[in-house]
Amino acid sequence: MSAVLQETGVPPATARRTGEVILDLKKISLSFGGVKALTDISFDVREHEIRAIIGPNGAGKSSMLNVINGVYHPQQGEIVYRGVPRRGMNTYDAARSGIARTFQNIALFKGMTVLDNIMTGRNLKMKSNFLLQALYWGPAQREEMAHRREVEKVIDFLEIQHIRKTPVGRLPYGLQKRVELGRALAAQPEILLLDEPMAGMNVEEKQDMCRFILDVNDQFGTTIVLIEHDMGVVMDISDRVVVLDYGRKIADGTPDEVRSSQDVINAYLGVAH
Amino acid sequence: MYYREAGQFKTSYAADSRIFTIRQDRTGMLLLCLVAFVLVPLWASPYTFSAILIPFLIFSLAALGLNILTGYAGQLSLGSAAFMAVGAFASYNFVLRIPGIPVLLAFVLGGLCAALVGIAFGLPSLRIRGFYLAAATLATQFFVVWCMTKIPWLTNYSSSGVITAQQIVIFGYQFITPASKYLLTLAIVSAMALLAKNMVRSNVGRSWMAVRDMDVAAEVIGIRLMRTKLLAFAVSSFYCGVAGALYAYAYLGTVEPEAYNLDLSFRILFMIIIGGVGSILGSFLGAAFIVLLPILLNVIAHALSLPTSVASNLELMVFGALIIFFLIVEPHGLARLWQIAKEKLRLWPFPH
Amino acid sequence: MTNQTKESPYLSVNNIEVIYDHVILVLKGVSLQVPRGGIVALMGGNGAGKSTTLKAISTLLRGERGDVTKGSVMFDGQRIDHLTPNALVQRGLSQVMEGRHCFAHLTIEENLLTGAYTRRLSRRGLQDALDKVYHYFPRLRERRGSQAGYTSGGEQQMCAIGRSLMAQPSMILLDEPSMGLAPQIVEEIFEIVRDLNSKENVSFLLAEQNTTVALRYADFGYILENGRVVMEGEAAALASNEDVKEFYLGVSGAGRKSFRDMKFYRRRKRWLA
Amino acid sequence: MNFFFEVLIGGLLSGVMYALVALGFVLIYKASGVFNFAQGAMVFFAALTCVSIVNRFGLSLWFAVPITMAVMVLLGLAIERVVLRPLVNQPEITLFMATIGLAFFIEGLAQMLWGAQVQRLDLGIEDVPMESLLNTFNIVVSRFDVMAACICGVLVAGLAFFFSKTKIGRALRAVADDHQAALAVGIPLQHIWAIVWSVAGFVALVAGMLWGARNGVQFSLTFIALKALPVLILGGFTSVPGAIVGGLIIGASEKLAEVYIGPMVGGGIEGWFPYVLALLFLLVRPEGLFGERIIRRI
Amino acid sequence: QEQYVPLLSYRVGPYAAGGTGFYGGVIDYFNLVNMNGGINGVKLTWEECETEYNASRGVECYERLKTRNGGASLVEPLSTGIAYGILDRVGADKIPMTTLGYGRSDAANGKVFPYVFPLITSYWNQAAAMVKYLGEKSGGMDKLKGKKIVHLYHDSAYGKEPLPVLEEQAKQYGFELVKIPIAPPGNDQQSQWLQIRQANPDHVILWGFGVMNAVAIKTAQRNGFPREKILGVWWAGSEEDTTPAGDAAKGYTTMTFNTPGNYPVLDEIRNKVYAGGKGNLEDKTRIGSVYHMRGVTAAILSVEAIRNAQAKYGKGKTMTGEQVRWGLENLNVDAARQKALGAFDMFPPVKTSCEDHEGSGAVKVQQWDGKKWVAVSKDWVVGDKALTRKLLEESSAKYAAEKNIKPACLGAAS
Ligand SMILES: Nc1ncnc2c1ncn2[C@@H]1O[C@H](COP(=O)(O)OP(=O)(O)OP(=O)(O)O)[C@@H](O)[C@H]1O
Ligand SMILES: Nc1ncnc2c1ncn2[C@@H]1O[C@H](COP(=O)(O)OP(=O)(O)OP(=O)(O)O)[C@@H](O)[C@H]1O
Ligand SMILES: [Mg+2]
Ligand SMILES: [Mg+2]
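Protein chains in written order, with our numbering: chain Z, 1 to 273; chain L, 1001 to 1352; chain S, 2001 to 2273; chain E, 3001 to 3298; chain C, 4001 to 4414.
Don't take each hint at face value.
[Stated by the list, open to error] Okay, derived cross-link-like pairs now, EDC-like style, lysine to aspartate or glutamate, Cα gap no bigger than 20 Å in a straight line:
no.: 1; chain 1: E; residue 1: K3165; chain 2: S; residue 2: E2110
no.: 2; chain 1: C; residue 1: K4372; chain 2: C; residue 2: D4345
no.: 3; chain 1: C; residue 1: K4371; chain 2: E; residue 2: E3092
no.: 4; chain 1: C; residue 1: K4250; chain 2: E; residue 2: E3092
no.: 5; chain 1: Z; residue 1: K165; chain 2: L; residue 2: E1343
no.: 6; chain 1: L; residue 1: K1344; chain 2: S; residue 2: D2021
no.: 7; chain 1: C; residue 1: K4372; chain 2: E; residue 2: E3080
no.: 8; chain 1: Z; residue 1: K110; chain 2: Z; residue 2: D93
no.: 9; chain 1: S; residue 1: K2199; chain 2: S; residue 2: D2131
no.: 10; chain 1: S; residue 1: K2245; chain 2: Z; residue 2: E143
no.: 11; chain 1: Z; residue 1: K110; chain 2: S; residue 2: E2098
no.: 12; chain 1: S; residue 1: K2245; chain 2: S; residue 2: E2232
no.: 13; chain 1: S; residue 1: K2245; chain 2: Z; residue 2: D44
no.: 14; chain 1: L; residue 1: K1344; chain 2: S; residue 2: E2232
no.: 15; chain 1: E; residue 1: K3167; chain 2: S; residue 2: D2131
no.: 16; chain 1: E; residue 1: K3167; chain 2: S; residue 2: E2110
no.: 17; chain 1: Z; residue 1: K110; chain 2: L; residue 2: D1025
no.: 18; chain 1: L; residue 1: K1197; chain 2: L; residue 2: D1025
no.: 19; chain 1: L; residue 1: K1344; chain 2: S; residue 2: D2067
no.: 20; chain 1: C; residue 1: K4132; chain 2: C; residue 2: D4379
no.: 21; chain 1: E; residue 1: K3167; chain 2: S; residue 2: E2109
no.: 22; chain 1: E; residue 1: K3165; chain 2: S; residue 2: E2142
no.: 23; chain 1: Z; residue 1: K36; chain 2: S; residue 2: E2142
no.: 24; chain 1: C; residue 1: K4250; chain 2: E; residue 2: E3292
no.: 25; chain 1: C; residue 1: K4390; chain 2: C; residue 2: E4167
no.: 26; chain 1: C; residue 1: K4339; chain 2: C; residue 2: E4304
no.: 27; chain 1: Z; residue 1: K165; chain 2: L; residue 2: D1025
no.: 28; chain 1: C; residue 1: K4371; chain 2: E; residue 2: E3126
no.: 29; chain 1: L; residue 1: K1197; chain 2: Z; residue 2: E143
no.: 30; chain 1: S; residue 1: K2199; chain 2: S; residue 2: E2187
no.: 31; chain 1: E; residue 1: K3167; chain 2: S; residue 2: D2128
no.: 32; chain 1: C; residue 1: K4385; chain 2: C; residue 2: D4356
no.: 33; chain 1: C; residue 1: K4229; chain 2: C; residue 2: D4142
no.: 34; chain 1: Z; residue 1: K165; chain 2: S; residue 2: D2067
no.: 35; chain 1: L; residue 1: K1150; chain 2: C; residue 2: D4356
no.: 36; chain 1: Z; residue 1: K165; chain 2: Z; residue 2: E190
[Unchecked claim] Computed footprint of chain C on chain E, listed as stretches where at least three residues anywhere in the stretch have a Cβ under 8 Å from a Cβ of chain C:
no.: 37; stretch: 3004-3017
no.: 38; stretch: 3117-3131
no.: 39; stretch: 3223-3237
Calculated directly from the structure, the hints in this document are not laboratory data.
In this text, a Cβ means the ideal position worked out from N, Cα and C, and glycines have one as well.
The following block holds chain Z by itself, in its conformation from the complex (with noise of 0.2 Å):
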């Protein structure tokens, strides 16, 4: 249906190198009081793919990543991830762990600037303790400018140098969720979760935002998980696709498969692709 998808003739991705399994969902159920967010939903990711998530508005995609990174406790399943299996993860494990994500809302810290927020993400791997920090001196110095290097590399990665010293608060959206980014690869993750990051921009940002995650993924390894409504993306960069639908999973596989399924098409692409 979509103009743009009906030009293409682009071939679908080849199938790449991906690895073991690395987090593993089995039956997740979570509803909140009457709602049904998710019901009974089980896939993987491997380590290094592209995995995406789609479905019509409401699905309950959000609220899939956000069971993965342990905002939301599922009532029911089992998350296993890196071989571990339990109930649940809670925010702060996720993260030691190395999941990262970025938020559907932007949920960047608005009265910080870009840098600040960016440095937020390697709070995990400070060490040196406040008091240190308060003085500023030896160790903490040396510390803060270490990190401050790697902060500047997803920067320069990011090309937002210019912005550096800005309130993210006064920033347009795309560059807010190019910052936000920066913030999650800044904690240099294993997994990353992206919820709609290319909400909001037009092809040109969306063709920035597809080569900053297919960089990371290539140069960095990094799995990423990736909720998005443009079927252009999705169908170009993806490994795999999971489709939700009112909470269900209605089909899991390559972007090609996905396409063809007709419980896709009938739910949520309205036209075959």
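Please build the complex by placing chains L, S, E and C with the ligands on the supplied structure of chain Z, with the hints as guidance.
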């Protein structure tokens, strides 16, 4: 010379992370220190010291403490005077009961006691937020002052509950003259302000601000809410505690628990809001505003020889109106106003 | 369209300049017109000033410490830059703000009802208006009793659009209506736009990043960069412009390129050069 | 046992008086998400204006009350125009601070207009024990308190009706959530605020008259706000019924605590006990008993 | 020639009513003295500064005003908090401070507090006098045995101040002392009065301040507690405390250190000062009210001290603070002098010395008749001064030890 950063290149991250990145600012700060430490003691009158500068510095310190908690960590509190009281009464007892203890150490210990109380009363902040928390911190205010009046041991069994701060002696030097007390206060306050500045520009500070701006997101990043909030309470109370001790030792001399009443808590809150929530400089500007403006209005009213009963009420009204006026002009406080002025100056003579 | 522009435009923005916070100059002289019954798209990259333009029109800027320092805005033949937003809604000009802005503590239905605040409706009339919105967005009917704060991003977006329809405006300023919506819904929303436009003669000014769709439904388009209008024209003309194609539609000479193949070094737009 | 009931009833009735003041806060919090620091000053201002009209111009209370009401409406309009309108969409804390400035201003204005003297207000309701109860059960219940409780009940019912049955009620909640969006959907923020501040002025007048009749019209009326705060946090900032229920709970438990726990710890615990109690409640329900749940979602 | 007095007044805030009355009285009397030609030709000048009853602002005012116009000759802050705040400073600045009926009771010891003068009476003497009065009322001190007295007090340093005296006397006379504190500000006292009703005491000592007083009187009425059994302190005994309580206050008695009534000096103030348009009170009917009369009393004693100092150091000269201090320490305003001033029996005769900066310790009991205060007894009541002397010696010695002060009399200024 224009106020401008052009031509000032930073060649290291350390240079870029300085407190004042622009050379003119650094020179300005240096000059300010020079004035505060050298020129003021030479020129100021005892009145300026003991009625304006010393209370201004002490209030700045308390405001700084509250600003750490409210401005940086986002936990609105109406109990700062209580922490000041703890600091003062604890220091008093340390000096009283441990003969020969250095006064500065007593201040630090007093601050630590305040920090402990702060942690205890900070616990609810893990669940309670915003104005609910603010109202709940009033519990601290009333409870602590109540304890001070109820536990005679704390006031050394003085029949009226009033304590008389001991003489400040450091290395045998007695701080008696207003100028010497001023210098001592100034030294303590500047050192603590520097520490505070360092904290807020390094990881602790960023964690506080993250919790303030969006606690859920902060958690996801791996910031531990409990630790961060309680640390903010502790540090903030420490600052307030030391300020409280100075209030007793370097300013009033003799105090009753009532001196640390709700009114004082509110005044400190006013300071940070007027000065700028989440700004070290703002704490100082706010304290100056709240301390100086009534004095100024009082002087003006009497210079105009208004009838006294009218003058006092008019003062109150003008004070209220000015608060509103400043908020309308700049909701982020005097510190932000200052910043805007600097930004304009940097562009000057171009408008944008 | 051309004959419509001859008569005085329904909405016209004349050379406005906007400054935030007394120092940040954002719009540097923007002029645009929306004819009665027209659909006009406002496009441009992140931070170009689209949202600012819309807020300047609906006088919502004041709440964000922004100021229109030059120029004027005319609506239906009268200057409106000194009116309150509420007066504008009463005159039929309504805005859907970027980033949803639903009333989090109100239920979806209550949210919709507040949208009809300016209208004096009987209970019946209110119910009819509600039904109309529910007809457009069936998903909202399902979630009508949930607090808006707990609904998904897309549901909130629908709620925000539905809410402004409740006021039965004659002109709607839509800020990024497609953001965060499933492709199917995006298409539906634009159908609704077309529907209202043709059946009820509602005029639209849309700020939109999804240029492909926007140009498909709009009659006329403006492209904003850096606070200036850099290009304007009939939608069809814009859609066939080479630059627009490359930067906003993501198709260049050789047809659509896969997001995967975006090169690091590629042509960047330089409108101002 | 008799004594227990006496304390309990006394506490409940005091609680109603607290609730009366808390109501004013609730109104404004509902309408703008702002904690109105000036509420106490408004209570003082209203009472002082009313009583001064009676004393200076020799008018009867029946005239003075409507005149004062008109003054309070004017005050409400002025506050909306001068203070609130320029501060639309600003952070809560800014608005909170503005109300602090307002409190100073109103206090100064009241005393400048009417002087600092303590004045007496006689509503014609005698503050004596109800004979019948005293004789039959030997329980002391003040006639005045019962009367005040009735007035308060009527007021609460009226306000609750006003907020649940009119569209203004819904609009208010919308405004409290998001000023900007409220403006965008065409809610006339200015009218709403003017109305709400006027109603809050009316509530302040009622509270000021009742408290003034009890304690004398004097500056310390501004402090009764401190008694209203724990009521407010317990009941929830946004709930009219919450104010009354919170008032009853706080009133009763505070009196019982003072009488039964107080002597063990040296007494005078009424100052902090309600706050600690409210705090404990909050730990269980962080938004108060009837407050709107705080939505925290990402 | 001018003699300058800074006035740390408060005319806004919770205690404004008292502040306007008191400082109104002071200024009225100063004006009167000036109209009559000053003190041996030396005119009084003054400057006011609004303290809002706030210690910190009070200190600022003191510091600001103390060096004006050639230096302050004495201060009277009418606030315990401010008095504490400037306690050390007045000594260092050599400016005497008077604290009529409040502040540190032990400051009456001039050897330790050479610059502080709690003139006329202090809390301890008041408490002792209260017990004395209650004893006499019961028909002799021995009748107090077995009686029950409630001390209902403002839960602060102020309310706790008399406890040592009361406890001591309870032991001595064998009455039971029930202490009931009220959390400030005391807007609501239902539970306390229920407790009192339950305890059914013979007397209630009401040690209140501000709004607490009116509320106490009203709550007593509403709980059916007879107001005749309540005895207030002097900060609970002004028109501001009884007016709001209305009829409930009729018959209520309190301590005071002025005899209520009219005096020639007040008439003179009306006829000269107010007729000349220089009156300080907005409301003329407040002339002679409790706070106003206290202000006039404070002003009379100050003026007498200056006059006294002039007698020693040179008539018609401006006196320094040190010299005024001497004047205060050697004050003798006896009945004859009071008569001459048109203030006979308005306050007890005052005779100070280095050991006794209080100079009297006598108080009166007054009763509210529904419209005005009337004296209950003709005579001044004096409590057990030996006891209070003992307490103040102990307490001031402790202070001296804390502060490293060697107690000594200062004597005449150089
Ligand atoms: N905290 C919560 N409380 C109540 N209901 C919730 C909560 N979080 C999510 N829901 C509900 O669960 C369902 C799934 O929401 P979710 O945000 O996961 O959708 P989504 O797939 O991300 O949709 P979208 O594409 O619109 O963002 C929605 O109907 C939403 O209303
Ligand atoms: N409240 C504000 N204060 C300061 N600057 C602001 C504010 N709001 C927006 N700006 C600035 O104004 C410029 C234009 O912003 P605007 O939101 O209008 O862009 P936009 O075209 O809508 O972008 P997007 O597509 O990302 O929504 C941006 O550079 C932004 O940084
Ligand atoms: Mg989502
Ligand atoms: Mg935008």
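Status of each hint after checking the structure:
Only pairs whose Cα atoms come within 20 Å are accepted, and E/K3165 paired with S/E2110 is accepted, the gap being roughly 13 Å. For the hint pairing C/K4372 with C/D4345, the CA-to-CA distance comes to about 18 Å; that is within 20 Å, so the pair holds. For a cut-off of 20 Å, the pair hint linking C/K4371 to E/E3092 is broken: about 49 Å separates their Cα positions. About 49 Å separates the Cα atoms of C/K4250 and E/E3092, which puts this hinted pair outside 20 Å; it is violated.
With a C-alpha separation of about 13 Å, the suggested pairing of Z/K165 with L/E1343 holds against the 20 Å cut-off. Taking the CA atoms of L/K1344 and S/D2021, the gap is about 11 Å. The hint holds against a cut of 20 Å. Restraint check for C/K4372 and E/E3080: the C-alpha separation of about 45 Å exceeds 20 Å, so the hint is violated. Restraint check for Z/K110 and Z/D93: not satisfied, since their Cα atoms lie roughly 25 Å apart, outside the 20 Å limit.
As the CA atoms of S/K2199 and S/D2131 are separated by approximately 17 Å, the hinted pair is consistent with the 20 Å bound. Taking the CA atoms of S/K2245 and Z/E143, the gap is near 47 Å; set against the 20 Å cutoff, the hint is violated. Among the hinted pairs, Z/K110 with S/E2098 is consistent with the structure: their alpha-carbon atoms are about 17 Å apart, no more than 20 Å. Of the pairs offered as hints, the one joining S/K2245 and S/E2232 holds, with about 14 Å between alpha carbons and a cut-off of 20 Å not exceeded.
Distance hint between S/K2245 and Z/D44 is unfulfilled; the C-alpha atoms sit about 38 Å from each other, more than 20 Å. For the given pair, L/K1344 sits about 34 Å from S/E2232 by alpha-carbon distance, which is inconsistent with the 20 Å threshold. Taking the CA atoms of E/K3167 and S/D2131, the gap is about 19 Å. The hint holds against a cut of 20 Å. At most 20 Å may separate the alpha-carbon atoms for a hinted pair to count; E/K3167 and S/E2110 meet this at roughly 10 Å.
Under the criterion of a C-alpha separation no larger than 20 Å, the hint pairing Z/K110 with L/D1025 is inconsistent with the structure, at around 26 Å. The suggested pairing of L/K1197 with L/D1025 holds, with an alpha-carbon distance near 15 Å, which does not exceed 20 Å. Restraint check: the Cα-Cα separation between L/K1344 and S/D2067 comes to about 17 Å, which is no more than 20 Å; the hinted pair holds. Between C/K4132 and C/D4379 the alpha-carbon distance is near 13 Å, which keeps this suggested pair within the 20 Å criterion.
Of the supplied pair hints, the one linking E/K3167 and S/E2109 holds, its CA atoms being roughly 13 Å apart against a limit of 20 Å. A threshold of 20 Å between alpha carbons decides the hint, and for E/K3165 with S/E2142 the separation of about 25 Å lies outside it, so the pair is violated. At most 20 Å may separate the alpha-carbon atoms for a hinted pair to count; Z/K36 and S/E2142 meet this at roughly 12 Å. The straight-line distance between the Cα atoms of C/K4250 and E/E3292 is roughly 49 Å, outside the 20 Å bound, and the hint therefore fails.
For a cut-off of 20 Å, the pair hint linking C/K4390 to C/E4167 stands: about 14 Å separates their Cα positions. Distance check on the hinted pair: C/K4339 and C/E4304 sit about 13 Å apart at the alpha-carbon level, within 20 Å; holds. Between the alpha carbons of Z/K165 and L/D1025 the distance comes to roughly 17 Å, so the proposed pair stays at or under 20 Å and holds. Restraint check: the Cα-Cα separation between C/K4371 and E/E3126 comes to about 19 Å, which is no more than 20 Å; the hinted pair holds.
Distance hint between L/K1197 and Z/E143 is fulfilled; the C-alpha atoms sit about 17 Å from each other, no more than 20 Å. For the hint pairing S/K2199 with S/E2187, the CA-to-CA distance comes to about 18 Å; that is within 20 Å, so the pair holds. Proximity of E/K3167 to S/D2128 is assessed by CA-CA distance (about 17 Å); at most 20 Å being required, the pair is judged to hold. Restraint check: the Cα-Cα separation between C/K4385 and C/D4356 comes to about 11 Å, which is no more than 20 Å; the hinted pair holds.
For the suggested pair C/K4229 and C/D4142, the alpha carbons sit about 19 Å apart, so the restraint of at most 20 Å is met. Taking the CA atoms of Z/K165 and S/D2067, the gap is near 24 Å; set against the 20 Å cutoff, the hint is violated. Restraint check for L/K1150 and C/D4356: the C-alpha separation of about 31 Å exceeds 20 Å, so the hint is violated. Restraint check for Z/K165 and Z/E190: not satisfied, since their Cα atoms lie roughly 28 Å apart, outside the 20 Å limit.
Against chain C, the stretch 3004-3017 of chain E contributes 7 residues with a C-beta closer than 8 Å to a partner C-beta. That satisfies the three-residue criterion, and the hint holds. Only residues whose beta carbon comes within less than 8 Å of a beta carbon in chain C count, and the stretch 3117-3131 of chain E has 9; three or more means the coverage holds. With a cut-off of 8 Å between beta carbons, the stretch 3223-3237 of chain E has 3 residues touching chain C; three or more are needed, and the interface restraint holds.
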